[in-house]
Structure formats: C-alpha cells, structure tokens
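Asks: Given the sequences, and given the hints that come with them, work out the whole structure.
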Amino acid sequence: MIRTLVFIAILIGLAFAGAWLVEQPGQVVVTLPRYGQIQTTLIGAAAALVAFVVAVLVLWTALRFVLRLPSILSFTARARKRARGFSAVSRGMIAVGSGDPRSAKRYAAEAAKLLGKEPLALLLKAQAAQMAGDRGQAEGAFRQMLDDNETRVLGLRGLFVEARRKGDSTAARAYAAEAARLAPSVAWAGEALLEFQCSDQDWTGALATLDRGARSLDKAAVKRQRAVLLTADALARAEREPEAALLRAQQAVKLAPGLVPAAVLASRLHARRGELRRASKVVEAAWAQATHPDLATAYMDVRPGDSGRDRLARAEKLLALRPHDPEGRIAVASAALQARDLVRARKALTPLLEGRPSTRVCLLMADIEEAEGSSGGVREWLSRASRAPRDPAWIADGVIADRWAPVSPVTGRLDAFVWGAPVEQIEAPAAEPAPPPTAALPLPASEDVIADVDEAPAPVLADKSEPAPTAVAEPANAAPDPAEAPSAAPAEVIPPALPSRAVEATPPPASHGDERPPSREASPSREAPALRVVSDTPPAAGPQPGSPTTTTPAEKPTGAARYDAPAAGPGIPPAMAADGRSRRVSPPSEVIFPLAAAPDDPGPGPGSEPSRRGAITFLQ
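Heads up: the sequence shown begins at 1 in UniProt numbering, then just goes up one per residue.
A few of these clues could be false.
Under the rule of at most 25 angstroms between Cα atoms (straight-line distance), these lysine-lysine pairs were calculated in the DSS-like manner [stated by the list, open to error]:
1. K281 / K254
2. K317 / K254
3. K223 / K254
4. K219 / K254
5. K347 / K317
6. K281 / K317
7. K113 / K81
8. K117 / K81
Treat the hints as calculated values from the structure; they're not laboratory data.
Nothing here was measured: the structure is a model prediction, and the numbers come from that model.
Replies: This is the structure:
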C-alpha cells in the first residue's frame, strides 16, 4: 500500500513538472564544434535528456548481461544440480521412513554425488548406512558432520548412538559431554550424561548437569529429579556426614513432600539429634501425601526404647490422619500385637478381611491366632497367605526390590522405582474335560478270522429276525484211530450261502517278513453272521495230499487263526459235533482258510470220544 502511494505521488510530481516546463517560455541552445548551434525548446531538451539517460541504461544493462552470461549459465546448472540433489534427498528420506534400505542407499549415493557435503545429504547417507547395517560408513558420515558447526551436534548424537550400540560407554559418555557443552539445551545430551553420572553415583555432578539443562525441561519433572538426586546424595552421606545428609534430605522433602525415602531419612536424622517433634512432623506430612510401611515404622520408632503401649498410641495417631487407609490399620495391628492387645489387633484388621486380604494381613492374623493358641486358625491363615494377593513393593522396569533406589537396576533411568502391587500371574483357563472313550463296536465275523492267535473267540451275535443257517458237513464215519490223530489234515471251512445275506471272506495276505496283518475296523453299516470255529485236532506232522499246507505256530502264515474248541452244545449241530471233517466244496467266490489246533492241545486220548475236527457254527 505504501509503495502504491509513493508511486502515485511520483507520477503526480512528474505531471506537475511537465506542466511547468510547458508553461515556461525559452529556448535551450547547444553549441557543438562541427555542428554549430542547436536550438530547442525547454521541453524538447528535457525529453532529449531523458531519452539519452534511458539509452545509456539500456546499453549498460545489455553489456552487463553479456559479461555475466557465463556465470548465469553456471549458476543455472548448479541450481538444476541442487534441485536434483534435494529431490534425491527427499526420495531417500521417504525410502528410509518406509524401510527400504536398497532405495535409501541408492538415493543417498545420488545425493552425495550431486550435493557433496550438504548436511541433509550426509544425514541421508548415515541413515541409509544404519539401515543397511554398515556401521563403519555410518560413523564416517557422522564424523564428516563434525567439520561443520551447524551439524556438529547432530554428528555427536550419531556417534553417541553408534558407541552405545557397540557397548563403548567411555566413548558414548565423551560424545554426550561434548554435546552438552556445545548445546546445553539439547535434552538427549543432558539425559545421557545424567544417566552416566548416576551409574557412577556422582550425585553432585548429576545435580550440576540437571541444573544446566533445567531450562529445556518441565519444571515439575526437574523438581522431582532434583529431589531424587538430593535423597540419593543424603543416603550416601548419612553415616559419615550426618549434618550434610540432613540438609539434603530436608531440601528433598521440600521439593517432593511425598518422596518416602527422603521423609524417612529426614525423620531418622532428626530423631538421632533428639528433635522428636520435627521428626514426627516430617512423617505426618509425608503420610498425608502417600502412606507407606516405612513411614509407619519410622513414626513408631521416633523415640527409641518406647514400650509397646507407647508405640500403639503413636500408631493410633497415625491411623487418625487417614482412617480408611489399609497401611494405618496394619500398623495399628502390628503395634497392638507387640503390645499383646490381641482384641485391638483383630479389630484393626477386621475391615481388611473382606474380599481377598493381602499376604501381610493373613500373616498378621496367623500371628494373632498363634498368640491365642489356636493352631487350626494358624494353619488356616497360613494357607490363605500362600494364595493371597501380593503386597505393594518397590518396582522398577519389572524388577521388585526390597528397598528404594534412585535409579533402575535394568535401564539406569532416574526415578524409576514406584510403590505398587506387583501384577498377579494370569491363570490359564481350565482345560475342558475329555469326553469318555467310546466303546469299540463289535467286528464283523467275516473279518474276525484274521485275529491274533491269543485273542478270545468272537462273541456269538444272535438275530431274532432270521433263523440261523446250518453248515453242510459229511456224514459221520467210523471213529478215527487215536494213533492217526496227529496226522489228520486240518479242517476246511466252507461258508454256507445265506438266504438273506452273503458272507464275504477276504483271503489272508501273504507273509512278508515283519509285515503285519491288516487292521480290523468295525463298520456299523456292515452286518455279517458271527463265526465260531471248534477244533480239537492238533496240527498234522506234515502236509497231507490234497489238503492245504499248514506250518508250525512259529511259521504259520499271516491270516491263519487258531481257536480253542468249545464243547458241543446248543450252538453246535449234532452232525457237526459227530464229525469234524467237512466236504471240500469251494465255489469260485469262496476262500478256504486252514485251521490248526493249539500247540499245547494233547489231542484225543485212548478211549475218548471221536474228535470234532473243523466243527463250525454260523449264527445270524
């Protein structure tokens, strides 16, 4: 707006000047040696002067452009090159962010070629090397950053990170200290240096480092960390420098009244000096912020040598400050138990017994039961204590400690310990009971003939809907001679044709070494009559002409089964019981299985009844 007004004012001035020149009479005479005198009006002379100035300016501009043309061309090339380089940096940063190390490395090389030691190009080179796992190249890029003041702190941070990865704490501490010296407001340098100083228990140096970087941190966090460092320094000086320790403990209590270790230490140091009132006030102020067993113990032990009643009275006073807090009731119960006031101890713990009392409460109840002489109650409360929730403890990074510490034992972080209940173990859901085993279905009789020799005979299945078929056998002959019994041929089974169902038999597979017979599975949809084979004849000494070949039990082929012959009864037809040899009638679809008697069967003796060899019974 101002420029517009100035421009308008200049135009108005030029207009007034031109009007004035037009109104003024007169001539301008210019005398030149060769051209003589040149006369013109005043306005013409002014116009000629302006034209001359403009021509000179145009000529000078053209001359400058011609003289600067090489530099302009080179500048244009450099600008184009920088644009390509920054485009490569942009794409490389995107590749780094997306986790593509190959593309990041390619763009980093392109950016380094186009931009040289540009800070962004060096940063991209270092990050691409870190992604690719090339620590040497990353350190080289960070060291190149140290040559430039603008990137020196960035290079120090990169070298600090690489040193921490290698486990070189000395180099990492040196880089952090240098960065903190160059830029005190850098948070990472101050935190790293503070961590190293705390690990070395250099509390004075840690306080100085915290004060230097206090401007860049939150005020509440700085106050808390300063209180923790003062408490740590006071604990270290408590034995050899009690006065300095008390001073630092008091400062810590002022900065953080709820810091339990500082309040406990200040109370004990005051009590050691005989300042009982101050010691009690420190604990009472801390108890109002947060209750803790150490505060209760320090409050009851303010005056050494007090009786149990005096300690109970102090515990009652502490409970009055926060009547509904469990720690106060536990403190009263403990003091009452020491004072042998079992009624007061039980009364103090009664509100805490609802729900799931903690381990300390259960143990105190066990002590009360023991003091009352109730062994059953002791066992009950000890059993409940083993399953009770855990009491609060000092926890830092998953580590449970008996005492407070200023730094974490795992990460070295300052002010890491907090007072809280440990996380209970999550129980796995109870496994569902397994279903009862299903009873095996009965096997069909046609498949039971390949059972093992030691199995019991198959049960007889009865079907009321159809009558039982009768096996066809030869008429009974004269009684065999007992001397010829060992040489008798094994019986041959002829499955009869059933009127409504067909009995199918599968031939036994050939024996091949250790090959086992096929497994038998019960099929509910397949029904077949049960087969019972009765044989009293021992195996023959050798193969008989015209009969199937039999072997000894050790050499019997797979599929040959032996069954103990039952006595003749209702299930065996009389014709079959009188003569065990059946006719050899084998239709094309029938399979004949040789049967052998048991090895321990003595065979028929003299005067015995004729043997029933190969007697079979089919029952539906």
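Asks: Are the hints correct? Go through all of them and say.
Replies: Hints, one by one, checked against the model:
1. Between K281 and K254 the CA atoms are separated by roughly 13 angstroms; this keeps the pair inside 25 angstroms, and the hint holds.
2. Only pairs whose Cα atoms come within 25 angstroms are accepted, and K317 paired with K254 is accepted, the gap being roughly 23 angstroms.
3. At most 25 angstroms may separate the alpha-carbon atoms for a hinted pair to count; K223 and K254 meet this at roughly 10 angstroms.
4. With a CA separation close to 15 angstroms, the supplied pair K219 and K254 stays within the 25 angstroms bound.
5. With a CA separation close to 16 angstroms, the supplied pair K347 and K317 stays within the 25 angstroms bound.
6. Between K281 and K317 the alpha-carbon distance is near 12 angstroms, which keeps this suggested pair within the 25 angstroms criterion.
7. Restraint check for K113 and K81: satisfied, since their Cα atoms lie roughly 10 angstroms apart, inside the 25 angstroms limit.
8. Between K117 and K81 the CA atoms are separated by roughly 14 angstroms; this keeps the pair inside 25 angstroms, and the hint holds.
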